[in-house]
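Engineer: Protein chains in written order, with UniProt numbering: chain W, 1 to 290; chain D, 1 to 290; chain B, 1 to 290; chain L, 1 to 290.
Honestly, the hints are just simulated from the structure, not real lab data. Relax, there's no trap hidden among the hints.
Residues from chain L that face chain D, not an exhaustive set, calculated with beta carbons under 10 angstroms:
| # | residue |
| --- | --- |
| 1 | S3 |
| 2 | F4 |
| 3 | E19 |
| 4 | V21 |
| 5 | G25 |
| 6 | L33 |
| 7 | G48 |
Virtual Cβ for every residue (Gly too), placed ideally from N, Cα, C.
There are 4 protein chains.
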Amino acid sequence: MLSFGQYSEDGDWVEHTAESVIAAGRTTFQSYLFFRSPVHGVCVALDGDIQSCEADEAIYHEALVHPAMLVHPDPRRVLIMGGGEGATAREVLRHPGVTRVVMVDMDAEFVELCRTHLAGWNAGAFADPRLDVQCRDINEFLDEPGEGFDVVIGDLVDFNDPDDPAAALYSRQLYERLRRRLNPGAITATQAGGLTTGRTAAHAHVRATLDAAFTNVSSYGIVVPSFYHLWSYVLASDERLPDVDALPMERFAQRATARRLALPATGPASLAATFALPVSIYEKLQKPAT
Amino acid sequence: MLSFGQYSEDGDWVEHTAESVIAAGRTTFQSYLFFRSPVHGVCVALDGDIQSCEADEAIYHEALVHPAMLVHPDPRRVLIMGGGEGATAREVLRHPGVTRVVMVDMDAEFVELCRTHLAGWNAGAFADPRLDVQCRDINEFLDEPGEGFDVVIGDLVDFNDPDDPAAALYSRQLYERLRRRLNPGAITATQAGGLTTGRTAAHAHVRATLDAAFTNVSSYGIVVPSFYHLWSYVLASDERLPDVDALPMERFAQRATARRLALPATGPASLAATFALPVSIYEKLQKPAT
Amino acid sequence: MLSFGQYSEDGDWVEHTAESVIAAGRTTFQSYLFFRSPVHGVCVALDGDIQSCEADEAIYHEALVHPAMLVHPDPRRVLIMGGGEGATAREVLRHPGVTRVVMVDMDAEFVELCRTHLAGWNAGAFADPRLDVQCRDINEFLDEPGEGFDVVIGDLVDFNDPDDPAAALYSRQLYERLRRRLNPGAITATQAGGLTTGRTAAHAHVRATLDAAFTNVSSYGIVVPSFYHLWSYVLASDERLPDVDALPMERFAQRATARRLALPATGPASLAATFALPVSIYEKLQKPAT
Amino acid sequence: MLSFGQYSEDGDWVEHTAESVIAAGRTTFQSYLFFRSPVHGVCVALDGDIQSCEADEAIYHEALVHPAMLVHPDPRRVLIMGGGEGATAREVLRHPGVTRVVMVDMDAEFVELCRTHLAGWNAGAFADPRLDVQCRDINEFLDEPGEGFDVVIGDLVDFNDPDDPAAALYSRQLYERLRRRLNPGAITATQAGGLTTGRTAAHAHVRATLDAAFTNVSSYGIVVPSFYHLWSYVLASDERLPDVDALPMERFAQRATARRLALPATGPASLAATFALPVSIYEKLQKPAT
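Kindly generate the complete structure, drawing on both the sequences and the hints.
Structural biologist: Structural data, given as structure tokens:
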């Protein structure tokens, strides 16, 4: 029996049964594995960490994209940092007011692999004329002068400890650079890793980083079954953001309706409720790490 | 390295590292294992399934007990079906209006083991004069004429398939018997197993069973990190219940305040938000199984 | 981390780390997986059981082929039952007196996969004009009148319990058919599965089957590291065979020298010593199963 | 399901199912775990490595003790280095000419645990008046002037890499000290870890160490099923020793008979044959490591 195992967010061992391997190898930047699970469908792992699984990637991607897009009254120009699978772009492009999406992912080979092996998953996003895919370093991109964005979505690989090299993707320098490319009223969202009672350091690090760059930050999370954990995200803006005391139930429902948004995996109520984290977890997020 | 492994709700394999074994053996009814995890603290397993772990048992038990108790305007008499660990009783007894709690758990040996090994966990509940522990079959108890209850909490072992013997604890017969012992306006809550995108049959079975006995049912769920899944519950009553379109945010907050309830693991907002399940999961719960 | 796990011969769980997957799929008859282990090199599994690994397949194949070939004073015509990987043929063809080898393996697709992915492994055997590969059912082949053989090597998939369908490949019927195709003085050898202190049933079944068809049988075994066990074989003949009280040390050495046989993985002394099984295991092989 | 996992000698992962835990904790020197496997019976692990299992400890201990004892024409005084379980002493004491056995094991608490939990295993050895158990450091013991020994058995914990602290138990210093306490014609045997095609470094290190202190060394190995590997040993002496070209078949059989030795797990032929290692493994042992 073939299986794919990894340590969970809190240090136990989780194995996904693998029916078959679709593609495996290394790009210039990372090792990749596309396999088929009898439970979760096609799964994608990078450097030994599951990134997304067919059966519930829509939960992950809807929760990543739509809170930021629904908080913003009229998002037109959107920047995606990372997002190689194409599913983040797919969700962004569902908002009819969007006129331009720039997706900056360093790994052209991985983007190509996703285009080939995850076609049902990108659902035509790569062919949408509004999408501009740039395979380059995000810091380089942000340093150039250029257009501003209304919403920025961070779909970069996650890290387990603040010492992990991938933590650089969640640094103050990057977010300071990012500020220069934001339109007034911009909303930024980023995934922030698995979140458990015992391991809150990674999320707290991301939150503290964004907190240094923006007036307001807000944490939220949703269960992605194939990740075996609550998956967490951070919203940041100089505008007011939803939080545990002000779940944006009606706003999300109204704007989703107005934009004729299908949210087939989550729904507006479920997305609004993601901001009500259990207090025993929420309390640990205020300060960086334990 | 010692570890405790079990298939997750959806068929993958999850291993908890075990630092040491505190107690292991068999009672008349089931095998038990109390072990210490470096991640989750003391963990309790019955017949090979984790029941609770020290680090987050409060999330599981608060979510099991308080929605029903907060929906009811004045719960005084409470029945707990199962609940051997004593933590369900602990949560019930926090509501100051409660005058009597009957806990019916078939397995006297397991209750005694929990009293010994989980003392911090029951937190004195077994010594509370309002608690009456009866170690006997729940069906037998319900068949006798006797006092009525305002709230009933089902904290019985879970099952994976409707064919599993433990499924009898979630049968229509049991709930028909239960109805005879309910006071007007009674609220019933039961745990209903792990809930994932792919495996919804166990929850749907519990929900359908309660749906046959009560006018209204409502599903909700919360992440218990050591269970590696969304954990689900069903509320049932002839009264109106919270649901995804009517999260009881204010009611839960007001009643928690009025009753001076500490909800240190979850909080009223988080408990109210548990009713907003992702639609891709929620839709599958309406009908029994797939 | 990708890994390939299977229950060991005695019921524990063994996982081979998999660096990459070379080929995976199903033929008409069985599922196959060719993967690369950092420890054992290329590994081949059929229906979830490891068949051979690059790092030590030579130990398995030398031990399968050479005792029978060295017991026989002048083996010319050899039949291989199974042997899809081509390495059994490779070993047989090393004996310079061999003029014809018929290899009967049912699964043409698997033979083709081995020709492609295990080229270093067959080492040109498939190109040797003395080898005649016939992809068909072994029973059918044996039923036809035809040439006789001096040595027969059984390299068929193994089975764990006498109830397993693969046990038919080790049936009395098959060996009665086989007798009709044997030359006088013929020696038969077959692999007979993993052999441990606790699990001797599979080997005992094979031994009993051959014992019913031949005057003499002899059990032997060698450690194949990647199999995590003593691997066992049975020799059968109407001639006298080596056994624990008469290790053929000198005969094997002399004949290997005379035939200029390289036995790079095992050596003649090690092959002769394989007949000295520990008595606690040997005693259990005399009667079919426990 | 509770299980005990460890990396195998060559880096794969092997899990023993654990039915129950008999004792677990730490002594001053090491962590211990006594558990029951449905396959191997009671198993003992120290610092995360299996030491012995009830079902086949006799194979391990007979192979450790009897080759040295049978090579020596008249062993009377025997030193055991380590051997806390008491089974090595049990085997030594079976030789009727033995008048005195000194067992030096540093860990008094572990020896006591074995006396309690492995009583069937020591089989009364600890009560034999010929046995003198000294719980102290072996270097200290050897530094003192004192009696000489005919046979020395090393049953110390094994190590995986020459850098491992336990490698000090296999150092030249220790064997130089040991020489001062040897009677003329003395034979030394030590266990030397698991031995696989890919991992020969630990054995080669032990062999090289003994080679520096003695005129002759000889490697041998036997399968201990619960160790999932060929288990290896080294004999050392200034006398002539058995080797792959001179298996001591008759000598072992004659001396076992003369001493009325039961060798119920292995037998004299099987012990003699352990010196015929496969050449692909044997060749790698001559030089320290790869």
